[in-house]
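Enquirer: Single-letter residue listing:
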Amino acid sequence: MTQTTLHANSGFGRWLGKLPLGYILRRALMMLVTLWAIITLTFIMMHAVPGGPFVSERMMAPEIEAALNAKFGLDAPLWQQYFNYLGGVLSFDLGPSFKYPGVSVNQMIADGLAVTAQTGLLAVLAVVAVGVPLGIIAGLNRNRWPDTAVMMLATVGVAVPSYVIATVMLYVFALRLGWVPTFGLDDWRGYILPVIALSGFWLSFVARLTRSSLLETLDQDYMTTARAKGLRPGQILIKHGLRNSLIPVVTVLGPVVANLLTGSFVIEQIFALPGIGRHFVLSITNRDYTAIMGITIFYAAFLIFMIFIVDMLYLWLDPRIKLEDSE
Amino acid sequence: MSHTLLNVTNLHTDFETSRGDVKAVRGVSLSVAAGEILGIVGESGSGKSVTCMSILRLLKRQGRIRAGVAEFEGRDLMKLSERELSDLRGNDIAVIFQDPMSSLNPTLTVGEQVMETIIRHRKTSRAAARARTIELFKLVRIPAAETRVDAYPHEFSGGMRQRAMIAIALACDPKLLIADEPTTALDVTIQRQILGLLKDIQARMGMAILLITHDLGVIAEVCDRVMVMYGGMVMEQASVHRLFEAPRHPYTHGLLASVPDLRAAHRARLQPIAGSPPDMLRPPPGCPFAPRCAHARSQCAAAVPPLFGPDDTALLKSGHTARCWLLHADAPKAEGINT
Amino acid sequence: MSNPDMKLTENPWALLELKADAAEVIASPARGYWGDVWARLRARKPAMVGLVFIVLLILAAVFGPMISPYSYFEQNLKLSNIQPIFNPYTVSTTDEDGTPETAHFFLNAGNFNLYEVDARGALIGLIRGGRKDMAMRRTTYQIAGQAVVVDYSQQPTRLFVDDVETRPGGWQWNKTYWFGTDQLGRDVLVRQLYGARISLLVAFVATIVNFFIGVLYGGISGYAGGRVDAVMMRIVEVIATIPLTLYVILMMVVLQSGLISVVLAIGTVFWVDMARIVRGQILTLKQSDYVDAARTMGARPGRIIVRHLLPNAVGPILVTLTMLIPSAIFIESFMSFIGLGVTPPLASWGTLTSNAVETMRAYPHQLLFPAAAISLTMFAFNFLGDGLRDALDPRLRK
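Residue numbers (this note's numbering), protein chains in the order written: chain A, 3 to 329; chain B, 6 to 344; chain C, 645 to 1042.
Some clues are possibly wrong.
Unchecked claim - Pairs of lysine-lysine, DSBU-like flavour, derived with a Cα cap of 35 angstroms:
#1 A/LYS241 <-> B/LYS65
#2 A/LYS241 <-> B/LYS84
#3 B/LYS128 <-> B/LYS65
#4 A/LYS241 <-> B/LYS128
#5 B/LYS65 <-> C/LYS930
#6 B/LYS128 <-> B/LYS143
#7 B/LYS128 <-> B/LYS204
#8 B/LYS65 <-> B/LYS84
#9 B/LYS322 <-> B/LYS204
#10 B/LYS28 <-> C/LYS689
#11 A/LYS241 <-> B/LYS204
Stated by the list, open to error - The calculated label-pair distances, taken between Cβ atoms and stated as ranges, are:
#12 C/GLY870 <-> B/LEU286: 44 to 52 angstroms
#13 A/ARG178 <-> B/ASP92: 57 to 65 angstroms
#14 A/ASP188 <-> B/GLU21: 50 to 58 angstroms
#15 B/LEU286 <-> C/ALA658: 22 to 30 angstroms
#16 A/ASP188 <-> C/ARG1005: 17 to 25 angstroms
#17 C/SER715 <-> A/LEU155: 38 to 46 angstroms
#18 C/ARG1005 <-> A/ILE194: 17 to 25 angstroms
#19 C/VAL872 <-> A/ASP188: 23 to 31 angstroms
#20 A/PRO276 <-> C/THR987: 26 to 34 angstroms
#21 A/ASP221 <-> B/LEU261: 57 to 65 angstroms
#22 C/GLY870 <-> A/MET314: 24 to 32 angstroms
#23 C/VAL872 <-> B/ALA225: 50 to 58 angstroms
No wet-lab data here; the hints were simulated from the structure.
Cβ coordinates follow ideal geometry from the N, Cα and C atoms, glycine included.
Modelling step: build the complete structure from the supplied sequences, incorporating the hints.
Expert: This is how it looks when you write it as structure tokens:
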């Protein structure tokens, strides 16, 4: 009796005790199924390229092509290639690059990871640390000038494509004004433009979402209840308002991370940053099929993992989700 | 009679919309004595909820209190700062809302939502607040109170949620409890339980209750005094006994006629009032009920009738007032109203 | 209680005629659902500005290239990289006969060429015959009998007329190529309009394809319900987690670049939201009485979906469609930007932007036009979509 009370008294213990293991397991299973679907789909698509991977190249002697096919295991039946590849992915081996002899796809990813992760992380940080507060400021000042200003900025951010923002900023701030370097990440100023360009859309999106979600929450009956209880405005806003209005914001954070990554294809291209996105775009122009396949799967796996994390976060924020599971 | 707890005079509340101001409350005055249960009855849109929310200044964003005084124990609530008012809310004056589904925060445990009220006004420790919450849960007859404090609203049934709302309202022993259609959203059997609970608690704790409802049955069962509202105005006001025995306003007549009386020897036919409530964006210049009133005279459409009292006509006894031109000394006789 | 206002009107006690329904008539002026939506939409300025912009853009994309004297593929390398605005110099002499000779020309600071223009600003042609002095980094021309020297040994490039450094007199619009020309001497304006054609075509067709797939999928899933619905929604869940940009890129790699590939790739990707919305609408509407009524009367499922369910789901679908179009425009231009879009000489806004980035240092105007075009179009569709959503959902009104 005392033990249960003690347990129930601590918030975290209570949360742990109520954690729906079935739900988490099901989500984890879903995650694996999705990953498998993506690997399979990618594999099929890359092998559906008309004529095979080496055809687009200049004319090649049949014996050289045969040798190449043998080297990459392309002479085996397709189903065997598929299982070989699946086995490779499961042991975290994405195979060799078609175009760069001796370089593995794993190496290519490892090469670009630091750059992509740095800019990506900074961009995610900007989205959360700038987008959410901007949305809150706008929502709390509904129809007054801070709201108008934030919404105008956010509209620009949502409407103007990232590559346009990137090139225009590059022209103005790097070429014309010379405030920041045109390429590379040699000093901290090099990060400014890529991070702004990368986070611009999602920062604006999150600001808008936070605002509308906050406005919706502020209109809820339980907010009136909180006021009727005589709670302090700050307490009402933080405990009752923000927590509830951030739930939809948290749900988009998973996709945000993923889209920041795909957005990095073009941003890394424009700012000549040696990240994974640049490798990916290069692989596409080079028709480096194993690299395309490997990087796609890497991205997808990362994204799915992020969504899983966000789902777990959601579980903590919104207790209602447990009910759906127990039925 | 005990002293007056709340005294509202000439309250006007509008709602700003894109099409203009909806005049929801147009000059309502009321008073509640300590320990008294005052019922406010009316159709939806009659302004009864808005009146109560205006008293505590809990209107939603578009609501605007244009004029009025609301004295609670001698202090005008309209003039208090937001901070002073929040000291009263949940402490001296508590509210129970209509829809227990949406009035509780879905992401906090029910117990937490009771406790935060206690901690806010009583400055106690969390442990003490928790003990008090369990006590309150028992008071409002929530079974297994010790474990239910840690449950979330969605784990409660509708009736249980309304009990939790009542627990929140009672948390600091309020002097006045405003209950805004507390049973409307509930099943009939649950309605009876909740009403019984409210009556019981009122008898035990002795607070005054301002009960808003559209259900005359609820009024008859619970209230001491009743106020009938229509079109943002008080149409008639009397003791419950008096109002049911000798209603003086055609609208009250209509309301009473629309309630099936099972005890009556001859099963009178249910009579709905024809027509629909007035458009409060452009309220009619005269009596708001005139367009639907079978007794309406041209005077009724021309000017809003004043509140007639016992001084004006022998038809009204002490404490009984009604807003109808037919109570004018020169008015012709209308069957059932002023005969 | 005595009341001050007891004044009575004339003949106060005449019976009033009952007009119980009058209130209802006044309360809701007769206006259909779509009339209501249109009225609300019209009240929203940004949405209307967006709508007008889109209509004008479509008209320009369809008819503009027909009117233009230039084609999107004709190259004129002699007139490449011309600016839309230039600063002309005027040189004049009087020859032996006493007839005055005047020449207007401007300097293209990007390639150090001189171009002759007439007094109005219409382009006459590249001025040839300059003697290039590579060592001194200067070129000397004979124009209207005077020696004109372009000195590009230092930035900014200077121009000397008879050894006197000369500055241009004011600026002038390019009357021949309003938006200038690109690096292959093609008219930027007409390529811009063709770009609009491609971008809008891809967007609209892809959106329609998405619409049909989404409505079909969501409609079947929602209508069938039960196990079929559960499986179909699981599939949607899986698809929704796949990063769609990646999928479009893979499609483009498989299908090879080209207009049809772009439409196919984008058209088969974004139907997931649509399917979910249609399903949700159908699930809520399925419980409605009138669907039950139709079913009891023996209407077939397909008929129920088309005649009864979809018309009610039209609002949210319309909003999703309006929001899909800018997404499609964006994805197409994104693909084109990284070299996976339409093939040259066809151009979309994405390829135009991408090409302009290469020459951005010298000719920023080439970047300005496609960037502005796509941004404004995105604005227009976003504003229209926002306005439409608010107009269709009166609950969101303030």
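Enquirer: Provide an ascending list of the numbers of those earlier hints which the structure does not satisfy.
Expert: Going through the list in order, the structure violates hints 19 and 21 and respects the others.
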